[in-house]
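Protein chains in written order, with the working numbering: chain A, 1 to 344; chain B, 1 to 344.
Check the hints yourself; a few may be wrong.
For chains that are exact copies, the list does not tell them apart, and a pair is met inside one copy or across any two.
With a Cα cut of at most 35 Å, we get these calculated DSBU-like pairs of lysine-lysine [stated by the list, open to error]:
1) K58 with K251
2) K58 with K41
3) K41 with K251
In short, the hints are calculated from the structure, not lab data.
Protein chains: 2
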Amino acid sequence: MKLSPATPMHDDTPSLAPLVSMLAADMDRVNATILARMDSKIALIPQLAGHLIAAGGKRMRPMMTVAGAMLGSRDAAAREPAVKLATAVEFIHSATLLHDDVIDESALRRGRDTANALWGNDASVLVGDFLFARAFELMVEAGDLTVLGRLASAAARITEGEIRQMAITGQPDTPPEDYYDVIEGKTAVLFSAAAAAGIEITGASTARIEAMRVYGMKLGMAFQIMDDALDYTASADDMGKNAGDDFADQKITLPTILAWQDGDADERSFWQRTLGDAEFADGDLAMAQGILARHDAVGRAISIARGLADEAAAALDPFMDDGATAPLAAALADAARFAAARSS
Amino acid sequence: MKLSPATPMHDDTPSLAPLVSMLAADMDRVNATILARMDSKIALIPQLAGHLIAAGGKRMRPMMTVAGAMLGSRDAAAREPAVKLATAVEFIHSATLLHDDVIDESALRRGRDTANALWGNDASVLVGDFLFARAFELMVEAGDLTVLGRLASAAARITEGEIRQMAITGQPDTPPEDYYDVIEGKTAVLFSAAAAAGIEITGASTARIEAMRVYGMKLGMAFQIMDDALDYTASADDMGKNAGDDFADQKITLPTILAWQDGDADERSFWQRTLGDAEFADGDLAMAQGILARHDAVGRAISIARGLADEAAAALDPFMDDGATAPLAAALADAARFAAARSS
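Please construct the entire structure, taking both the sequences and the accompanying hints into account.
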């Protein structure tokens with residue numbers, strides 16, 4: 001008799017493909033709007049913004065908005081305001097990336113030179129500001145003040161999350177709650193507001209808006225935890241950025257927090273010398289990875305991300321009973337699990 | 001017989017005092033709202049924002065909004081949305097100052113250390129982003145999408161103006177038109193949108209909104225030209241910043257443009273070596289001031305600013321015939337002339 005492995009929680013490897021396929025037509029409209037609206041008579045703006053935005057990424061955030069709108073309305077014309085909102089969401093995200101790269105002095109993102117490395121910090125700060133302002137112009141065109149307020153509040157909370165992240169940088173004894181607070185602000189709030197705004201602008205019920213808000217929040221948390229976990233495992237080829245960046249930047253993330261909690265005095269001294277005091281020596285990254293492995297800290301962080309992805313999927317229940325929305329909701333649930341299953 | 005001097009264009013020295021006095025009650029509400037809304041559970045935000053905003057300045061931009069609202073409505077309660085808009089205008093302005101100081105690597109503003117010198121560039125970038133987002137939250141609360149769109153467009157044009165300014169930096173042969181385009185974007189557009197938004201939100205007629213839009217634009221142009229002219233005359237004590245900053249930063253402003261236009265080959269070589277190639281030697285600032293004096297370039301720039309201030313005042317004609325608005329309009333006209341008469 002052949003022993004079967006423990007039953008996995010989900011039989012199939014989760015995939016983003018069904019969602020991408022269902023959203024393709026609307027995402028084409030979003031991509032066209034992105035190109036049209038990053039334009040300016042100031043040539044540097046489309047050049048620099050185009051460098052970042054053409055580099056791609058999965059466009060997860062605008063997909064949240066488009067998916068929300070499709071759950072709310074089957075009429076493509078009625079979803080035009082949501083296309084504008086989705087573009088605004090991508091611009092807000094792009095603006096934060098440009099400013100983050102200035103702050104982190106990053107030279108590489110998604111496997112390419114960063115905009116600040118190519119055009120200088122000044123240009124990155126200003127083009128980020130431009131994209132942020134343009135995002136609000138698009139939201140005005142979408143024509144719903146309540147939705148605009150939701151996204152404006154998200155934008156404020158993103159910066160609060162990033163400032164909070166600065167405050168815990170170099171503090172290896174940061175409690176998990178503070179880390180969760182940081183990533184909720186810097187990452188999950190935008191996923192959440194993007195998803196809720198998409199369905200809200202179609203005039204959906206409060207319960208359905210709330211379902212998408214929770215879905216986006218849980219997905220965003222899972223997404224960021226995975227990003228942070230993979231920073232200690234991936235190579236530069238996989239990640240499109242340098243492995244161990246967070247370690248070198250003294251960023252405190254869930255794996256190091258879990259390892260600190262379980263660490264002995266020697267290990268805590270190591271974290272304090274490196275993450276705390278930035279006194280790095282050759283071999284420290286490998287040493288850090290060894291300590292993380294000893295406590296299964298990366299694996300446990302990924303488990304937490306998977307739990308959050310399951311909670312995200314569960315939040316979609318209100319859409320599962322309805323034949324018109326069930327297929328898209330299932331694809332969204334799959335996308336959440338994908339976000340917590342990716343290896344890069 | 002005693003010779004009288006040539007008749008001055010305005011008999012009295014223009015003053016900001018009448019306007020300040022008429023707006024005092026509403027500006028108190030604006031100042032209270034500024035303090036309340038720069039708050040955050042992230043302590044660094046009110047600390048850093050407070051450092052900048054407490055340093056003062058004349059609050060000219062929010063005064064535009066409050067004045068516009070008072071021209072539109074005599075009911076203080078009805079002007080509450082304008083108080084929020086005025087606060088948003090000050091936050092947008094503060095955000096651009098924080099980012100400008102990062103870009104210029106300034107160490108001194110209004111006679112005090114800059115926020116970036118005290119807290120670092122990272123914090124200045126992020127708190128700027130926070131104030132920008134908070135500005136949009138306030139505009140949402142003000143409740144008028146058209147007005148919000150006006151200010152969002154202004155925010156986008158500010159960054160376009162600043163990027164355009166980067167592009168002409170180090171180009172001493174910049175034509176005046178390009179300079180006017182830069183300062184319209186980086187300075188005048190916010191004055192203009194602030195003034196128009198204030199009256200627009202009270203439900204005023206298109207003609208009156210347009211009058212305030214033109215007033216703000218002309219005033220803003222005059223204001224920036226004066227700033228640029230005084231950079232070559234004032235001492236650090238007067239300006240609260242270092243005299244000659246623009247020269248050292250290779251910024252191309254109206255005085256140097258006028259001097260370039262009238263310059264001989266030797267003078268143009270000097271401008272090219274300094275402003276163009278940043279090859280500075282001891283005594284260069286004094287040399288620059290000497291060349292500017294030879295061509296009366298600072299004096300002519302100030303004359304242009306005064307002409308614009310007069311045009312700003314003339315734009316207020318629609319309010320001069322109305323007994324209810326004439327006194328405030330007269331004070332606004334005086335404020336415009338003050339902006340072009342100040343010696344610091």
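Do the hints match the structure? See the list:
Taking the shortest alpha-carbon separations for K58 and K251, only the intra-copy value of 24 Å comes in at or below 35 Å, while the best inter-copy value is 40 Å. Taking CA atoms no more than 35 Å apart as the test, K58 paired with K41 passes in both settings, with 28 Å inside one copy and 33 Å between copies. For a Cα distance limit of 35 Å, the shortest separation of K41 from K251 across copies, 21 Å, qualifies, whereas the shortest one inside one copy, 39 Å, does not.
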